[in-house]
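Novice: The residues making up each chain are set out below.
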Amino acid sequence: MSRTPLDTVEHAAATPDVELPWAELGLKKDEYERVVEILGRRPTGAELAMYSVMWSEHCSYKSSKVHLRQFGEKAPRSDALLVGIGENAGVVDVGQGYAVTFKVESHNHPSYVEPYQGAATGVGGIVRDIIAMGARPVAVVDPLRFGAADHPDTKRVLPGVVAGIGGYGNCLGLPNIGGEVVFDACYQGNPLVNAGAIGVMRHEDIHLAKASGAGNKVILYGARTGGDGIGGASILASETFDDAKPSKRPAVQVGDPFQEKLLIECTLEAFAEKLVVGIQDLGAAGLSCATSELASNGSGGMRVTLDDVPLRDSTLSPEEILMSESQERMCAVVEPEKVDRFLEICDKWDVIATVIGEVTDGDRLEIFWHGGKIVDVDPRTVAHDGPVYERPYARPDWQDALQADDANKLPRPGTGEELKDQVLKLVGSPNQASKQWITQQYDHFVQGNTVLAQPEDSGMIRVDEESGLGVAIATDGNGRYAKLDPYTGAQLALAEAYRNVATTGAKPLAVSDCLNFGSPEDPAVMWQFAEAVRGLADGCLQLGTPVTGGNVSLYNQTGEAAIHPTPVVAVLGVIDDVARRTPVAFQEDGQLLYLLGDTREEFGGSAWSQVIHGHLGGLPPKVDLERERLLGEILISASRDGMIDSAHDLSDGGLVQAVVESALLGGRGARLVVPDGLDAFTFLFSESAGRAVVAVPRSEEVRFNDMCGARGLPVTRIGVVDGDAVEVQGEFTLSLAELREAHEGTIPGLLG
Amino acid sequence: MTARIGVVTFPGSLDDRDTQRAIRVAGAEPVALWHKDKDLKQVDAVVLCGGFSYGDYLRAGAIARFSPVMDTVIDQAKAGLPVLGICNGFQILTEAHLLPGGMLGNDHLHFICRDQKLRVENADTAWTGDYTAGQEIHIPLKNMDGRYVADRRTLDELEAEGRVAFRYLDMNPNGSLNDIAGITNAAGNVVGLMPHPEHAVEPLIGTGRTDGLPFFTSILKKLVNA
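Top line first, the protein sequences correspond to chains D and X. Just so we're aligned, residue 1484 is where the first sequence starts under the numbering used here, counting upward by one. Just so we're aligned, residue 2 is where the second sequence starts under the numbering used here, counting upward by one.
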């Protein structure tokens, strides 16, 4: 069999007319022409491989960039932000010398193709982003969305995704403390598997992805490089190089959490000894990304010898090595005199580590293979100067009709008996039902710092054993609201996550997001995206919580049918002493229940409209971010001063859903009275934002009311914690046993 | 004086630092031990903690059992050194034949993490002296391969000799025979169980109970009074 001569830079310059498979690699004609213009010649195969992956939508954000700029332009002033957008993950100051890094990413498409590995490697990737900042990962969260709960394919996708998240996260020793599980037919062919992680470090330990200092060594460590996750490169390989090789390779990577656990420990040990100048994890685009990002963020250039990369498959071509997305690999820049110690630590943990190159004086990224130079580029042009598109966008013509289809006009329950029946249906519906069957497959306890985990409003982790300093995180998103109005929907997601963090007693500090949308080539989808980003950026500015980073996942679409626009927002908060956290569960009979905030007739996009009527139309609940901020302050003060013993935010499902959850978790019922000015139905099912229900010990009643009165927050006494049933006076009574059966039986019944 | 209790870290150990913390909370001194090191640093007792040693890619605990550190642990355990195996540590103890039987995958085939009710069946071991026999406690359970199995004769022997140390109550979370959650050797110095007492030592953390603390105070008392 014959082999084409090595496509070196020299060879490329001498053979300008060689046709390269740029289209198969996903580049547009003008993008390819731009590469030629940048280089002043045709690219080599290896250069083409690098540009094609780094200029992909996934890596370059070429469709979303023009909108995402708002997160920087509208960023609120915040003293808490230590590292902002652009690094592997944002870093926030939480006080006492501690910094916290957190981020949410998507692994949607692979999780549909191969649910277990897709989800597992999603966890692996986000955790490496956290390590790369210098932090020890301390928790993960997983916002998930699937097709209809009773669809046969959901039974394939969901258990695999859950087992993959558990299989990887549990084996890494990371407590899973939060997330969501949502079912909707719009996600049938496009489940959303978003994975978030939090890490903790001291301020002085923050590390950045940059290669500085000529002569410093570039060390690749972790798993060997294999042919997994190459995707389009297989086409390149089969067309240009060796015909005898297997041409199709699995596009989904395979995770090895054990290897990643070793990678965490050995990286942290190297950090502790201050051996690392710069670091970058290998995720999407593998070595192409790591080398070009490290080199372009540093002061010098970089020279890499690809022959030194440890391989799982010795037949890999240089293009494939550059594009491989084999998991559990990291790249560190280390001063020459510290290399031996670095390699020693890797050896201690049985992690393979190899010097593959060094930082140079120049400004070029040069890569060699078999003695020939196959890449000679300005790394910035690969990593940062990708194409930017102003995609056309337009409000879809169906939006008006959708909003005119008012959910407030749907038939409502007329009697106590009907209300009772609808409450049971609601709390037993797949979206509102207990997710315990899923969450009990995740380890919540490992590391011994978990203060709160799902189904609490936010997950909470103790950071300092002495002082009790802790951090809280909540992720929220409601695709139904966002479909009705993407601007408001994004703000509602932000408001809910903000509220969830405050409800547990923590002060919201910063935001990360995962923006899941359909195809950017559809102007309607692009409009949804633009509106959601605008809403989120405006909202973050108003609440004073900067966006520290995040992820965009486009093309979540099967044929013409896009998913609901689904911005998922993660809010990170800090609490001075975790002993003061507020749980969801009712703690003691006799405590008084108060509803905070205003309740209006708002049913557009509500759980009630979905469960009872299968309806989606009208407008989502109104957002008042100043009110959210006030509510948050009240909840935090009440927790700090011991005025409330439990609290639950009100969101999908409304008040009755919140009360039922608090009752079931606490094993104590509640007697509720419909307040003056509200009808029982609106009281129970409305989804007005900016609300929470709290349980106040009688001894604190006056103090709590005074505080709310003085701050101008509407507060309504709605009942008392008592007994073993949820009773709405004059309407109906449901025993905890009946409620438990409805709430906890649904998911095991569908999936168990 | 206090006792020095070693905690072994294998590659893939997850609860090593948690276990060290639990030992500290109980008032003893934790000592980190490394799997490649035969030296036990003259500790008074050893805990093999939870995790996925070597990824559990072979049978859980099957590779860790051959670590250099285990040669010493096995020798000294036979000579009376108190050893506690938690979860993966329990699996390693059965692989090392310090305890009989073995663990299979949970009967429902899922990882399970829950606050598990147990009954203390034997309060006379080195690790259970601060409990009373028959006491009911809640300890977090989290595992993939927690189904305790042994042949009939071994089970009869364990039952007859009172060597079932802990039994699952209310529900059997993994299909373990005789609802066995933990066992002891005949001498009472080697104890293994699937639930995680180190996750139940502080009122605020995890499940909010401290039912696991007596494991660590029991051994401390025994060592200090010895």
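Be careful, since some hints might not be right.
Unchecked claim - Pairs of lysine to aspartate or glutamate, EDC-like flavour, derived with a Cα cap of 20 Å:
id, chain 1, residue 1, chain 2, residue 2
1, D, K1511, D, E2004
2, D, K1831, X, D40
3, X, K37, D, E1752
4, X, K37, D, E2004
5, X, K39, D, D1830
6, X, K39, D, D1833
7, D, K1831, X, D38
8, X, K118, D, D1830
9, X, K37, D, D1833
Hints in this document: simulated from the structure, not taken from any laboratory.
Novice: Now tell me, hint by hint, if it's right for this structure.
Specialist: Results of checking the hints against the structure:
no.	hint	in the structure
1	D:K1511 <-> D:E2004	14 Å, holds
2	D:K1831 <-> X:D40	16 Å, holds
3	X:K37 <-> D:E1752	17 Å, holds
4	X:K37 <-> D:E2004	56 Å, violated
5	X:K39 <-> D:D1830	18 Å, holds
6	X:K39 <-> D:D1833	18 Å, holds
7	D:K1831 <-> X:D38	11 Å, holds
8	X:K118 <-> D:D1830	42 Å, violated
9	X:K37 <-> D:D1833	11 Å, holds
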